[in-house]
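Peer 1: Keeping the supplied structure of chain G fixed, place chains L, P, X, V and W upon it in accordance with the hints.
Residues per chain are reported as follows:
6 protein chains.
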Amino acid sequence: MKVAVFRKAHFNAAHRLHNPSWDEKTNEKVFGKCNNPNYHGHNYDLIVKVTGEVDPRTGYVMDMKVLKDLIQVHVLDAFDHKNLNLDTEEFKTLNPTAENIAIVIWQRLRAQLDDTLDLTIRLYETERNFVEFPVQ
Amino acid sequence: MKVAVFRKAHFNAAHRLHNPSWDEKTNEKVFGKCNNPNYHGHNYDLIVKVTGEVDPRTGYVMDMKVLKDLIQVHVLDAFDHKNLNLDTEEFKTLNPTAENIAIVIWQRLRAQLDDTLDLTIRLYETERNFVEFPVQ
Amino acid sequence: MKVAVFRKAHFNAAHRLHNPSWDEKTNEKVFGKCNNPNYHGHNYDLIVKVTGEVDPRTGYVMDMKVLKDLIQVHVLDAFDHKNLNLDTEEFKTLNPTAENIAIVIWQRLRAQLDDTLDLTIRLYETERNFVEFPVQ
Amino acid sequence: MKVAVFRKAHFNAAHRLHNPSWDEKTNEKVFGKCNNPNYHGHNYDLIVKVTGEVDPRTGYVMDMKVLKDLIQVHVLDAFDHKNLNLDTEEFKTLNPTAENIAIVIWQRLRAQLDDTLDLTIRLYETERNFVEFPVQ
Amino acid sequence: MKVAVFRKAHFNAAHRLHNPSWDEKTNEKVFGKCNNPNYHGHNYDLIVKVTGEVDPRTGYVMDMKVLKDLIQVHVLDAFDHKNLNLDTEEFKTLNPTAENIAIVIWQRLRAQLDDTLDLTIRLYETERNFVEFPVQ
Amino acid sequence: MKVAVFRKAHFNAAHRLHNPSWDEKTNEKVFGKCNNPNYHGHNYDLIVKVTGEVDPRTGYVMDMKVLKDLIQVHVLDAFDHKNLNLDTEEFKTLNPTAENIAIVIWQRLRAQLDDTLDLTIRLYETERNFVEFPVQ
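Residue numbers (numbering that gives the first Met the number 0), protein chains in the order written: chain G, 0 to 135; chain L, 0 to 135; chain P, 0 to 135; chain X, 0 to 135; chain V, 0 to 135; chain W, 0 to 135.
Chain G extracted, bound-state conformation (with noise of 0.2 Å):
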């Protein structure tokens, strides 16, 4: 009995978006206001979904307090009221669109879960655009 559960989760953080390997002008272009060299920021919210058979004992997927715990210590503590661009690893050589931060969000809740459970990450930049990673 498969079932998949949510948590939504949120962070507040500046970023700009730029490619260091094109020249300012084209920058502007594709990226328009994004491109602000002073940043501009977000609150983003997230969703994740992790899908997984009902633990009979339980009635549970997994303990939503585990998986709110792990989303604290491995997203949020990491990317909340912070410099996307700046204060992560991640982001100082690649590109912090949303698609990249939920492909990058995946990664690492991926390393923390057990592997008979499969996971999506949604998120949304603002109210009107969001992503999803992996595609479903």
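Any given hint could turn out to be false.
No copy is singled out in the list; a pair is fine if it fits within one copy or between any two copies.
[As the list claims (entries may be wrong)] Subject to a maximum C-alpha distance of 30 Å in a straight line, what follows is the list of computed BS3-like cross-link-like pairs (lysine-lysine): (1) K64 <-> K28; (2) K7 <-> K28; (3) K64 <-> K7; (4) K64 <-> K48; (5) K1 <-> K48; (6) K91 <-> K32; (7) K7 <-> K67.
Please keep in mind that the hints were generated in silico from the structure rather than gathered at the bench.
Peer 2: Showing chains L, P, X, V and W alone in chain G's frame:
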């Protein structure tokens, strides 16, 4: 031409998480605050997804008023303003976690729907904790 | 590395559900209040999902400003502040149910997107009634 | 001990903004897309606020089921799935702007409530445009 | 320069509406489903509004972390995952309607705040039923 | 006949809370994570409330398109996708707390509105932290 149609509903219920085959200490350790013997409660938000062919005469997969009434009779009349552990048959012996409530709602509605229609249940226990069955 | 990106938009429109091959009584019985000959209306919320490979140069599946503009030109300019039955080509002969509106929006946007991209439409007629096409 | 109690409801209606004493050009200039002669529509969200003393026997300012029923009979039955310009008495001669709809709803409900209770209407035409009457 | 600051919190609790000085029939007639002797429950959303002068050194009316902690200790620790009728002092003798819960939360927080600050409580029992105290 | 009309907008910005007359340690103690020298950011939701007489010719307090444009030019063009501390005049010397941002937005819009209209600003820094100016 298959389309998925969704109907949102909600109910307010009390519950308690508990495994009667465990002692008190284990229950408290596993279920924490949710094990309170005096119960606590939630506003459950329910999203029922039905997938099927669009009827070319109506442009409907199914009449949403019919789906609304099925949810009213087979879910809300049974669960709304109830104590899930004490007032329902299913949860006298089954732990009323979000996972198990979603499975029970699926079973109740599955029995009412034509075989040509697929059914998925999403259940929000809080805005931050929710589940989906079956897995998509 | 495939990621799904979502863009939310909305439009406000009047419509009426009606099957011209049926008599008045049957229409009223099947479509109820939605058959009002003077029309009623909705704030339609639209979520467009596009799935594709992340471009390693930009970190984008596609530029959300481009997607936003495609939705503006091919959906909002045609449907916003319009009477769907009277002011649009498609719904002069097709019943403007949520199911059919989602299919029409899919057809309009599908024609604008590269073949390497997948497209899904979710349309909210109200907060409680919504549809998705194609089925996932 | 005065408390304010709020009840949320909604209705879906078509309307058109128009001043019959003006020519077509002026109407189009002032009301823009909202002047479409074929109408457009909205999901109106309504929040009714009633202020009064808490009854020490019930702990209620008023029974919310009674308020819900008053809203149903005096607002929703009149406006839901209707064309405000054609199907209602008030808006045959009054322009159905959000401002005027809020005033009319206030008048309809004010007549039903005890004089000891205060009444305020908040009406959402869209998530981004809403009004309140009377001014607080 | 006075500004109002708001902090949102939530708690999940069971309750039952009941007046012990009335017989069973009257209680059922007045409180309906909310009188269920086995209790039901809610996700209560709480918005605490504090009004005061902006401190020119910090730009704060008050530190939101301090307000968050006051809400945690004086409201959430007492009410979250509790049965309001059985597990709290106040509601052993006071009917736990939304009106009375808002007044009790106001009393609990009022005792913690400086006299120069004003306090208002808004409490959502459901998305559609909510209250505010004191009246504004 | 006075009515309040509300228009919702949003902008995404980076900021840092800091008092330059304090040493680093005091700043970190008072502002915590919000003092990050590399900045963090938010999706700010803004609700502009304008109160005035309903014009009997239009049924409007003011044209919402005009209000939308004023917000665009005098708030969004200045703040959206900006670093509030570095890219704006006001917050080079004023700490960009939610309280101060609301006051600055009020000053910017107050200068654009007719004296017969009242103005209130509500600003959401997150869904859980928000402010209002002036006090109502």
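Peer 1: Each hint needs a verdict: does it hold in this structure or not?
Peer 2: Hint check:
no.: 1; hint: K64 <-> K28; in the structure: between (44 Å within a copy, 12 Å between copies)
no.: 2; hint: K7 <-> K28; in the structure: between (34 Å within a copy, 23 Å between copies)
no.: 3; hint: K64 <-> K7; in the structure: both (12 Å within a copy, 21 Å between copies)
no.: 4; hint: K64 <-> K48; in the structure: both (14 Å within a copy, 28 Å between copies)
no.: 5; hint: K1 <-> K48; in the structure: both (13 Å within a copy, 17 Å between copies)
no.: 6; hint: K91 <-> K32; in the structure: both (20 Å within a copy, 20 Å between copies)
no.: 7; hint: K7 <-> K67; in the structure: both (9 Å within a copy, 20 Å between copies)
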